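Please construct the entire structure, taking both the sequences and the accompanying hints into account.
So the protein sequences, as listed, match chains E and A. If you're matching positions, the first sequence starts at 1 in our numbering and goes up one per residue. If you're matching positions, the second sequence starts at 166 in our numbering and goes up one per residue.
Derived from the structure by calculation, the hints contain no laboratory data. Everything numeric in this text was worked out from a predicted model, so none of it was measured. Please note that a few of the clues may not be correct.
Claimed, not checked - Simulated pairs of lysine to any residue, SDA-like, Cα-Cα distance not exceeding 25 Å:
#, chain 1, residue 1, chain 2, residue 2
1, E, K127, A, P341
2, E, K127, E, L90
3, A, K256, A, R224
4, E, K127, E, L106
5, E, K127, E, P156
6, E, K127, A, N307
7, E, K127, A, A231
8, E, K127, A, R276
9, E, K127, A, A342
10, E, K127, A, K256
11, A, K256, A, G196
12, E, K127, A, A200
13, A, K256, A, A217
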Amino acid sequence: MVARRGFLAGAGALALAGCGRSPGEDEPGGSPPERTATSRQGDIELLQAAHAMELEEARAYNGRRGAVFERFARIEFDHAQELVSALDALGARPAGSPAAAAADPLDAENRAIAFYLDMLPKVYDAKLRSLIASILVVESEQLAVLRENAGEPAAPDPFVYGVPS
Amino acid sequence: MRRRAFLATATAVLAAPPAALAVRQPKGEVGILTAALELEQLTAYAYDAGVASGLLDARLVATVQALRDHEQAHAEAVSALLEALGGARPKPPATPEEADAMLERLELQGRLTAVASRDDLFALLHELEERQVAGYVAAAGNLEDVRLIQTSATIAAAQGAHLVVIRGVLDRDPVPAALESARG
Chain E
1 MVARRGFLAG AGALALAGCG RSPGEDEPGG SPPERTATSR QGDIELLQAA HAMELEEARA
61 YNGRRGAVFE RFARIEFDHA QELVSALDAL GARPAGSPAA AAADPLDAEN RAIAFYLDML
121 PKVYDAKLRS LIASILVVES EQLAVLRENA GEPAAPDPFV YGVPS
Chain A
166 MRRRAFLATA TAVLAAPPAA LAVRQPKGEV GILTAALELE QLTAYAYDAG VASGLLDARL
226 VATVQALRDH EQAHAEAVSA LLEALGGARP KPPATPEEAD AMLERLELQG RLTAVASRDD
286 LFALLHELEE RQVAGYVAAA GNLEDVRLIQ TSATIAAAQG AHLVVIRGVL DRDPVPAALE
346 SARG
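Structure follows, in structure tokens:
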């Protein structure tokens, strides 16, 4: 198995460099690992990327008519606000707005799910990981609704991975 | 279908020797995975009982069977991770009464033996799925291992899709909040 700390140590917050572990090793429950400048900066960059993606998603919904799209746009803005609050807690701000809206809501939700799954183990702070997981579940709920509206099964697979861009 | 008939059907289909259900509190990765696996197995059992209940039409039976298969797949995945860490697979509930004992221990409101209608069943399934989501969201913070985090997250995302299906049956808002972690 690959320990997250080993994962992070290899190449900052964006590359996998794991190490093997024995059963029972590295069990959580002891003192939390000390946050370093590198870990803090890594979380900031990940949150900034997530914030830009949420705004891109919101814009994908904004240009469409219908109560579902309006509701989902608000949810994406709420996610963006959660990420702004998380950045604020780290003494940082969003990096800027995305250049363009996502073309299609269904594609945008699939991309968001893939993004958050990739991001999750790279996040150093435990509370932030839970926040990201919580957002991820809602993105999957939104994808399920969009699937249903498109005449597809809402929950076709036992594991949801999204589709990376 | 009346409660007694429901129980008789569920028991006939799912009966196995009674198994004492040990109370486990999550402690470390083994504890977290054991608790997750117990809940996956309990949820799969509840879906199975729903299939056997006679409360559902053919379309809903197919839906519930599909979601049950997902729960089984989750249980297998979590079990493999748990065994790789040296943990032992907990016994699943073997009777509706054992399932109820687990529900009580988890401080969930629904009881399998009290299910008397389609909506009763789906309300119980909703409660179980929400608890699972809450557990996996918490696990994302508490786990350290990359593979454990990502597997938990892909399962949690699938449970989110399950919630949409269940809320549709119950005529509830499919996405009631921007965050899915405070409930359950």
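Evaluation of the provided hints:
1. E:K127 - A:P341: holds (22 Å)
2. E:K127 - E:L90: holds (12 Å)
3. A:K256 - A:R224: Not OK: K256 (chain A) and R224 (chain A) at ~31 Å, beyond 25 Å, violated.
4. E:K127 - E:L106: Status violated; Cα separation ~28 Å.
5. E:K127 - E:P156: Answer violated: K127 (chain E) to P156 (chain E) is near 30 Å, above 25 Å.
6. E:K127 - A:N307: Status holds; Cα separation ~9 Å.
7. E:K127 - A:A231: Violated, at roughly 33 Å.
8. E:K127 - A:R276: violated (32 Å)
9. E:K127 - A:A342: Given pair K127 (chain E), A342 (chain A) holds - Cα atoms ~19 Å apart, limit 25 Å.
10. E:K127 - A:K256: violated (31 Å)
11. A:K256 - A:G196: holds (15 Å)
12. E:K127 - A:A200: holds (20 Å)
13. A:K256 - A:A217: holds (21 Å)
In this structure, the hints that do not hold are numbers 3, 4, 5, 7, 8 and 10, in rising order.
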